[in-house]
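Participant: Residue-level listing of the chains:
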Amino acid sequence: MSTMWQEFSKGLWKEVPPFRFVLGLCPTLAVTGKVSSALGLGCGVIFVLMVSNTLISIFKNQIPGKIRVPVFIVIIASAVTIVELMMEAYFYTLFEVLGIWIPLIVVNCLILGRGEAFARKNPVHLSVADGLGMGVGFTISLSVLASFREIIGSGTWFGLSLLPASYIGFELLQSPPGAFICLGLLLALINLISSKMEDKKQGC
Amino acid sequence: MSLKEFLRMVLILTLVTGIWGGLLSLVKIATQDQIEYQRIKNIKAPALEKAINVEYTNDPVKARKKIKVGTDESGNPIRRNVFIAKRKGRVVAVALEGYGTGYGGRLGVMVAIRPEKRIVDGIAVTIYSETPGVGTKAMKSESFMGQFSGKRISANFGGNRIDAYSGATYTSEGIMEAVEKATQIFSQQREKIL
Chain A
1 MSTMWQEFSK GLWKEVPPFR FVLGLCPTLA VTGKVSSALG LGCGVIFVLM VSNTLISIFK
61 NQIPGKIRVP VFIVIIASAV TIVELMMEAY FYTLFEVLGI WIPLIVVNCL ILGRGEAFAR
121 KNPVHLSVAD GLGMGVGFTI SLSVLASFRE IIGSGTWFGL SLLPASYIGF ELLQSPPGAF
181 ICLGLLLALI NLISSKMEDK KQGC
Chain B
205 MSLKEFLRMV LILTLVTGIW GGLLSLVKIA TQDQIEYQRI KNIKAPALEK AINVEYTNDP
265 VKARKKIKVG TDESGNPIRR NVFIAKRKGR VVAVALEGYG TGYGGRLGVM VAIRPEKRIV
325 DGIAVTIYSE TPGVGTKAMK SESFMGQFSG KRISANFGGN RIDAYSGATY TSEGIMEAVE
385 KATQIFSQQR EKIL
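Chains A and B are the protein sequences, given in the same order.
Numbering-wise, my numbering puts 200 at position 200 of the first sequence, and it's gapless, one number per residue.
Basically my numbering = 1-based index in the second sequence + 204.
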């Protein structure tokens, strides 16, 4: 149980995907203009990551090494298609906002990366924990980045006005260059916090 | 690489793609009705709300019917959605789209009809490619668009029964043509629709 928790929790801080590995940056930059779309894409990624990690882990001994990447891609692409159909059927407004970024989950290197680096070599329960942890970590990172951009950029959060109506917004943060700037600031902040934590550990 | 190894890889890839393909088509079948509903709801519902003035209590998009309005060049039937608005289980209005030609091309108009009184309830433009600020003025004008409400569906909507919007004659005539076509379809297929 404790190892499952370890595999899950590493995705939340120690190896949080977009900030530690700087993986899956394309959607990270593209959908973080609004918290709702960041959360929506994050949920899609969690589902795909769980499905791909589970299946890859179950069939790891049956999949020949030479064709493992095409098999992984088929599994991932199918899971993404399921997400796309479900989203169009039940969350149409979200589907319209996310648009092309849903099918592009297929090429999010985070997902293939976890299959290749973890699920291929580990038992099923650990792979599920790893997939869930990485997915949740990815979603939280996106939401934090999106919150920052949405609150400072347009004064709203989840579409609700937080700041007084006289706040005119900081449009740069809503534009693509603003996404890079925010990502850089958050990366710096996270590195600062972890280096402080390291210092403390050594002090003890 | 031995032949056996090669065949095994072919077999496994075929199996994986085959199984997933089958599964995906199941998901597709399970979601296609809901997806069609969502698409119509998000694209047509705003026009429906504008066109139907009479009060109704149901969801006209859910209570839609498909009727055959003709055949295309290769003989396949052309079907069109008819939206049915009800109050306390009784049909109070039906809405369907008609198409005409405006200044910039095809013009789609959602026409709501009150079947009991045989009059037009209201209209709303769904698709257009008219000149912004010229043709679009006609479709935004209350006094032009409002003329259709209350007119008998047997009326001829062109000519002197409707006043064209000044400066946007082509657009006005396109809208009249579309309303005319929609009311004709309704009159011809009244039994099937109701």
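Hints should not be assumed to be uniformly reliable.
To be verified - No more than 30 Å apart at the CA atoms, straight line, and that leaves these computed lysine-lysine pairs for DSS-like:
1. B:K269 <-> B:K254
2. A:K121 <-> A:K10
3. A:K66 <-> B:K208
4. B:K321 <-> B:K266
5. B:K341 <-> B:K292
6. A:K60 <-> B:K232
7. B:K355 <-> B:K385
8. A:K200 <-> A:K121
9. B:K208 <-> A:K60
10. B:K290 <-> B:K385
11. A:K121 <-> B:K208
12. B:K396 <-> B:K208
Unchecked claim - Listed below are several chain B residues computed to face chain A (Cβ distance under 7 Å; list not exhaustive):
13. F210
14. L215
15. L217
16. T218
To be verified - Derived list of chain A stretches under chain B, where covered just means 3 residues or more per stretch with a C-beta under 8 Å from a C-beta of chain B:
17. 34-40
18. 43-51
19. 62-74
Hints listed in this document are in silico derivations from the structure and should not be mistaken for laboratory results.
Where is the CB? At the ideal position from N, CA and C, for every residue including glycine.
Participant: Given the hint that K290 (chain B) pairs with K385 (chain B), test it: the Cα-Cα distance must not exceed 30 Å.
Facilitator: holds, 23 Å
Participant: Using the nearest Cβ pair, does L215 (chain B) come within less than 7 Å of chain A?
Facilitator: Violated, because the Cβ-Cβ distance from L215 (chain B) to chain A comes to roughly 10 Å (cut-off 7 Å).
Participant: For K355 (chain B) and K385 (chain B), compute the direct alpha-carbon distance and say whether it is at most 30 Å.
Facilitator: Holds, at about 15 Å.
Participant: Holds or violated: K208 (chain B) and K60 (chain A), Cα atoms, limit 30 Å.
Facilitator: OK: K208 (chain B) and K60 (chain A) at ~19 Å, within 30 Å.
Participant: Could you grab the alpha-carbon distance between K396 (chain B) and K208 (chain B) and see if it respects the 30 Å cut-off?
Facilitator: violated, 63 Å
Participant: Three residues minimum, CB to CB under 8 Å: does the segment 62-74 of chain A make the cut for coverage by chain B? Let me know.
Facilitator: This one holds; 8 residues, not fewer than the three required, reach chain B with a Cβ under 8 Å.
Participant: Would the hint on T218 (chain B) be counted as holding, given a Cβ-Cβ threshold of 7 Å to chain A?
Facilitator: It is violated, given that the least Cβ distance between T218 (chain B) and chain A is near 11 Å, above 7 Å.
Participant: Between the alpha carbons of K200 (chain A) and K121 (chain A), is the straight-line distance 30 Å or under?
Facilitator: Status violated; Cα separation ~34 Å.
Participant: Given the hint that K60 (chain A) pairs with K232 (chain B), test it: the Cα-Cα distance must not exceed 30 Å.
Facilitator: holds, 28 Å
Participant: Should the hint that L217 (chain B) touches chain A count as held when the rule is a Cβ pair under 7 Å?
Facilitator: holds, 6 Å
Participant: Check the hint pairing K269 (chain B) with K254 (chain B) against an upper bound of 30 Å on the C-alpha distance.
Facilitator: holds, 20 Å
Participant: Given the hinted pair K121 (chain A) and K10 (chain A), is their Cα-Cα distance within 30 Å?
Facilitator: Holds, because 17 Å separates the two Cα atoms, which is no more than 30 Å.
Of the hints listed earlier, those the structure fails to meet are numbers 5, 8, 12, 13, 14, 16, 17 and 18, in rising order.
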